[in-house]
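Taken in order, these protein sequences are the chains called W and F.
Mapping of the first sequence onto my numbering: position 52 corresponds to residue 56, and the numbering continues sequentially without gaps.
Mapping of the second sequence onto my numbering: position 249 corresponds to residue 376, and the numbering continues sequentially without gaps.
All the given hints hold, so there is nothing to weed out.
List time: in silico DSSO-like cross-link candidates among lysine-lysine, alpha-carbon distance up to 30 Å:
hint, chain 1, residue 1, chain 2, residue 2
1, F, LYS358, W, LYS177
2, F, LYS358, W, LYS184
3, F, LYS358, W, LYS163
Simulated from the structure, these hints should not be mistaken for laboratory data.
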Amino acid sequence: MKSHEPGARSQGGGATNRGKGISFNTGTRTSTPRPVTLNVNDEEHTVIVEDRDTLLDVLRNRLFLTGAKEACGTGECGTCTVLIDGKPVLACLTLAIETQGRKIVTIEGLAKEGHLSSLQRAFIDYGAVQCGFCTPGMILSAFSLLRENPSASREEILKALEGNLCRCTGYNKIVEAIEKVRDGKGE
Amino acid sequence: LRLPRFEYHGPNSIDEASRLLSTYGNDAVLCGGGTDLFVRMKERLATPSHIIALANLPNIREISYDPLAGLELGTGVTLSALIGSSVILANYPAIAATASLVATRQVRNMATLGGNILQNTRCCYYNRSAEWRKTVTPCFKRGGEFCHVLEKGNRCFAVYQGDLAPLILSLRGTATLVSEGGAEEQALEDLFSGDGRSPFQKFGNKILTKIRIPIPPHNTYSAYKKFRLRKGMDFPLAGAAVALSFNGETINDVRICLTGVSSAPVLIKETKELALGKGLAPDLIGELARRAYTSAHPVANVEDSPSHRRSMVRILVEEILEGAAKG
Numbered sequence: 005m006k007s008h009e010p011g012a013r014s015q016g017g018g019a020t021n022r023g024k025g026i027s028f029n030t031g032t033r034t035s036t037p038r039p040v041t042l043n044v045n046d047e048e049h050t051v052i053v054e055d056r057d058t059l060l061d062v063l064r065n066r067l068f069l070t071g072a073k074e075a076c077g078t079g080e081c082g083t084c085t086v087l088i089d090g091k092p093v094l095a096c097l098t099l100a101i102e103t104q105g106r107k108i109v110t111i112e113g114l115a116k117e118g119h120l121s122s123l124q125r126a127f128i129d130y131g132a133v134q135c136g137f138c139t140p141g142m143i144l145s146a147f148s149l150l151r152e153n154p155s156a157s158r159e160e161i162l163k164a165l166e167g168n169l170c171r172c173t174g175y176n177k178i179v180e181a182i183e184k185v186r187d188g189k190g191e
Numbered sequence: 128l129r130l131p132r133f134e135y136h137g138p139n140s141i142d143e144a145s146r147l148l149s150t151y152g153n154d155a156v157l158c159g160g161g162t163d164l165f166v167r168m169k170e171r172l173a174t175p176s177h178i179i180a181l182a183n184l185p186n187i188r189e190i191s192y193d194p195l196a197g198l199e200l201g202t203g204v205t206l207s208a209l210i211g212s213s214v215i216l217a218n219y220p221a222i223a224a225t226a227s228l229v230a231t232r233q234v235r236n237m238a239t240l241g242g243n244i245l246q247n248t249r250c251c252y253y254n255r256s257a258e259w260r261k262t263v264t265p266c267f268k269r270g271g272e273f274c275h276v277l278e279k280g281n282r283c284f285a286v287y288q289g290d291l292a293p294l295i296l297s298l299r300g301t302a303t304l305v306s307e308g309g310a311e312e313q314a315l316e317d318l319f320s321g322d323g324r325s326p327f328q329k330f331g332n333k334i335l336t337k338i339r340i341p342i343p344p345h346n347t348y349s350a351y352k353k354f355r356l357r358k359g360m361d362f363p364l365a366g367a368a369v370a371l372s373f374n375g376e377t378i379n380d381v382r383i384c385l386t387g388v389s390s391a392p393v394l395i396k397e398t399k400e401l402a403l404g405k406g407l408a409p410d411l412i413g414e415l416a417r418r419a420y421t422s423a424h425p426v427a428n429v430e431d432s433p434s435h436r437r438s439m440v441r442i443l444v445e446e447i448l449e450g451a452a453k454g
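The whole structure should be built from the sequences, with the hints applied where relevant.
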């Protein structure tokens with residue numbers, strides 16, 4: 005088990021520093037930080053969090069697992085996708101304290117012993133990555149789909165990726181890479 | 128984007144949750160999956176000091192079916208659970224189909240039935256960043272006395288865009304509200320106030336714990352269709368749910384409910400009277416669709432023009448009824 009003290013690194017500004025000249029009401033209550041134990045990629049981490057900390061805040065700023073990205077921060081783009089108990093969810097809208105005792109998998113958890121997973125390999129081999137910002141979320145969504153439905157049709161792949169926005173590739177290469185893995189041509 | 132500060136409570140019983148609501152009053156908000164609430168909190172549209180999570184309440188994630196009493200859904204059931212439930216797929220396939228049209232896969236894994244029904248109304252002058260909102264006069268929904276959409280409007284016209292409520296309403300669903308004082312069951316439509324600013328009745332310390340959908344009459348056809356710009360993710364810019372029951376070839380009952388065109392779901396009046404005893408012929412389909420069209424009064428507060436959204440209401444209702452006619 006690893007322990008992470010708060011404040012090891014700045015939490016990226018925080019609400020009060022954001023948007024100069026704008027005073028936000030950040031709530032009148034300050035909750036007492038509390039320890040939570042998160043199971044991330046089969047490793048237990050005890051972290052002291054505020055009630056308002058999202059899973060994404062903790063993953064990126066405390067555990068330094070920066071694979072999950074923050075783009076919109078409001079649940080629309082899917083770059084923060086992680087798996088909780090095998091299901092893709094949005095880390096930006098999940099409270100860290102609610103994930104205690106649940107199994108969290110981030111993109112960092114897919115490679116085993118230095119070897120990329122077949123989906124990661126296929127994304128590289130078939131050119132499904134351009135800027136790469138959406139890639140971790142895309143791969144986790146596809147990973148969970150293929151585990152639930154190993155023979156997913158193109159239509160089902162598109163439906164599974166509806167929550168992951170890509171602004172570079174036009175999606176074709178991404179869907180092709182997933183289809184290659186589905187057809188066993190990923191590696 | 129960070130959430131504002133709040134204190135988190137995860138009560139294990141209704142009594143405890145109800146007590147917390149009584150103690151903190153307007154400073155507290157109930158939270159299901161958080162996919163609506165946390166977005167508004169990140170945009171500082173809501174800054175409650177206390178979040179009361181429903182996840183640990185007993186039976187809140189239960190789906191149960193009784194061939195006599197119908198379907199009972201805990202309001203903490205996720206939309207994914209609705210889609211994957213064999214009982215729902217077998218007896219109420221329209222509910223699973225509708226749930227699969229909501230938002231995205233990630234959201235459906237988190238969002239709950241209760242949260243979907245009690246989602247806040249939306250408006251292009253309200254669901255904006257704090258920076259953007261600074262540039263415009265506060266409207267009714269933000270505590271002001273003005274509507275940017277209808278300048279002569281004397282109330283808030285923010286639009287209700289829930290997908291499941293119209294369908295459940297068309298199936299005569301009821302809502303169970305529970306507090307320390309006991310439980311009460313009421314028609315789902317009674318939850319809505321019709322005002323965009325605060326779209327639901329005042330719940331006090333009552334908690335919406337259960338949705339019950341009675342057994343539809345034998346030979347019932349039920350469906351929901353939504354109009355949106357993208358195939359996925361989007362809220363409905365117009366949506367229609369129809370529950371149609373037949374006695375042989377003739378119609379016994381028909382209920383049509385719209386969403387995305389008003390501050391609450393719109394149940395079309397006197398459809399049963401119109402259709403009772405008739406066959407589902409093109410004339411009747413046209414007349415029912417026309418009634419839906421004339422009952423929809425969208426305003427320019429979300430994407431697409433109100434006139435097009437209104438036209439889509441007619442088309443959606445026609446499409447559903449034509450589907451029913453084909454069997």
